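Colleague: For the protein sequence lines, the chains are Y and D, in the order given. Numbered by our numbering, the letters in the first sequence go through residues 1 to 301 in order. Numbered by our numbering, the letters in the second sequence go through residues 1 to 128 in order.
Simulated from the structure, these hints should not be mistaken for laboratory data. It is possible that some hints are incorrect.
[To be verified] If the Cβ cut is set under 10 Å, some of the chain D residues that face chain Y in the computed set are:
#1 I33
#2 A38
#3 H78
[To be verified] Computed far set for chain Y versus chain D, every beta-carbon distance over 10 Å:
#4 S21
#5 G46
#6 L48
#7 R69
#8 G96
#9 L103
#10 D124
#11 L140
#12 G141
#13 T152
#14 T159
#15 P175
#16 Y177
#17 A224
#18 E229
#19 A273
All of these numbers come straight from a predicted model, not from anything done at the bench. Beta carbons: idealized from backbone N, C-alpha and C, even for Gly.
Now for the letters of each chain:
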Amino acid sequence: MSGIRDSLGRVGHDLLAAALSACGREEFTGGLRVSGRPGGIFHLRGGLVVAVESPGAPGPEALLLRSGRIGGEQWADLVRESGGSRWPLAGLIAHGYAGAAQLRIVCVLALHDAAFAVVAGDVDDCERAPDAQPLAPVGLGEIPARLLQDATRKLAAITALPYPVRPDRERPRPPAYVLDEAGLGMLQRELLAHVDGRRTARDLAFRTGRGVYTVTAEVARMLAEGLLECADTPVPIAVRVPPEAPVVRRREPAPAPPQFTAPTALPRRNPGASGITESLVPEKSGAGWKGFFRLRNGTSK
Amino acid sequence: MDHKALTLEMRTLREQVTGITDTALTAADGLLIAADTADSIDPEALAALAAAGLGLARRTAEATDRGTLRQTVTYGSHGCAATYAVGDTALMVVLGDEGMDVDRLHLAARPTLDRIESILTEKASEGV
Chain Y
1 MSGIRDSLGR VGHDLLAAAL SACGREEFTG GLRVSGRPGG IFHLRGGLVV AVESPGAPGP
61 EALLLRSGRI GGEQWADLVR ESGGSRWPLA GLIAHGYAGA AQLRIVCVLA LHDAAFAVVA
121 GDVDDCERAP DAQPLAPVGL GEIPARLLQD ATRKLAAITA LPYPVRPDRE RPRPPAYVLD
181 EAGLGMLQRE LLAHVDGRRT ARDLAFRTGR GVYTVTAEVA RMLAEGLLEC ADTPVPIAVR
241 VPPEAPVVRR REPAPAPPQF TAPTALPRRN PGASGITESL VPEKSGAGWK GFFRLRNGTS
301 K
Chain D
1 MDHKALTLEM RTLREQVTGI TDTALTAADG LLIAADTADS IDPEALAALA AAGLGLARRT
61 AEATDRGTLR QTVTYGSHGC AATYAVGDTA LMVVLGDEGM DVDRLHLAAR PTLDRIESIL
121 TEKASEGV
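Please model the entire structure based on the sequences and the hints provided.
Modeller: Okay, structure coming up:
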């Protein structure tokens with residue numbers, strides 16, 4: 001794919017190569033922040049690269065957690081034990097989650113993988129960050145030029161494949177036909193379980209806890225063999241807005257309830273206001289029941 | 001409302017910030033508007049949770065005199081979930097993996113949220 005080859009000789013790559021070689025020459029200690037997509041940061045000590053971190057590649061922590069070597073709660077316990085260190089190296093070894101040599105290898109792999117991710121992406125600018133501290137530095141640093149050469153070689157290897165892909169561009173999906181997974185390798189089965197037309201090789205690397213170079217190369221091979229497909233159009237996003245309920249309309253203030261004013265005096269009853277007297281048969285004369293009682297009790301009136 | 005423009009904004013944000021895995025747009029009452037999520041995620045449940053979470057965060061900010069709420073971020077061992085208010089009637093939730101640069105997401109999300117709010121307000125003014 002010409003897009004991949006283009007990125008090798010582009011200004012960004014030259015910029016990174018020049019900045020890294022200057023750091024090496026000057027035996028710089030600190031960070032070299034690479035802006036771009038995915039970008040990242042190279043940590044150097046005395047001119048040697050001791051760590052590379054990039055959003056484009058899983059770091060040592062993600063590799064351990066995603067691969068299932070250690071659970072999230074155990075990791076949190078180790079971080080607490082180590083006084084908040086983001087890379088609880090001593091705890092990992094003491095609790096038997098991994099050996100010292102294994103952790104060194106994980107860190108070296110993560111360093112090379114992140115360098116590959118930066119080189120495979122777009123580099124806009126490089127800026128030194130003397131105070132930046134590495135998360136999980138390796139003991140023996142890499143010569144910057146050699147590290148860059150290794151990353152470039154990997155990118156060239158992927159470019160040479162029949163169906164080259166970039167780590168953060170193509171979003172493969174399973175093939176339309178039913179696939180017999182019997183003859184597939186473990187990584188291929190794992191990738192088939194996670195591809196959905198939305199995830200890139202980089203996303204799949206994080207998902208499976210594997211290196212982004214390994215996953216990118218495997219995705220490229222699987223695409224070439226027809227084990228995966230790349231859709232021309234992205235997975236559509238459904239927009240649901242109920243027509244009768246404009247859910248995003250700005251709320252109008254509710255009408256104020258009728259004011260209730262408390263009466264200042266007790267209510268006064270007006271005789272005949274209820275109308276009950278009109279519904280009763282009116283007395284025809286004053287000599288009714290009242291007169292009868294007056295006569296019987298002998299009142300003066 | 002311009003559905004195409006809305007989905008384009010959501011997709012562009014995912015393309016723009018490395019590590020974004022899913023995005024969902026929901027009304028403030030938790031009703032889902034649009035979701036760009038993996039099959040493993042129930043978008044309706046995500047919408048309801050995000051709305052409830054943002055509501056709580058907003059009340060917390062008010063009760064503690066923290067000013068206007070900007071966003072909430074929930075961190076887990078496999079990534080994080082950031083929820084942003086879109087005006088006062090909608091919200092957007094963005095899920096990312098461990099590699100996502102959250103500061104970069106906040107920077108990239110602001111203009112996207114403004115544009116999404118315009119698209120949504122456009123719909124409301126039409127009275128559909």
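Colleague: Does each hint fit the structure? Answer for all of them.
Modeller: Hints versus structure:
no.	hint	in the structure
1	I33	holds, 6 Å
2	A38	holds, 6 Å
3	H78	holds, 7 Å
4	S21	holds, 26 Å
5	G46	holds, 27 Å
6	L48	holds, 24 Å
7	R69	holds, 13 Å
8	G96	holds, 19 Å
9	L103	holds, 18 Å
10	D124	holds, 13 Å
11	L140	holds, 25 Å
12	G141	holds, 23 Å
13	T152	holds, 20 Å
14	T159	holds, 21 Å
15	P175	holds, 17 Å
16	Y177	holds, 20 Å
17	A224	holds, 25 Å
18	E229	holds, 17 Å
19	A273	holds, 49 Å
In terms of the numbered hints stated before, the structure departs from none.
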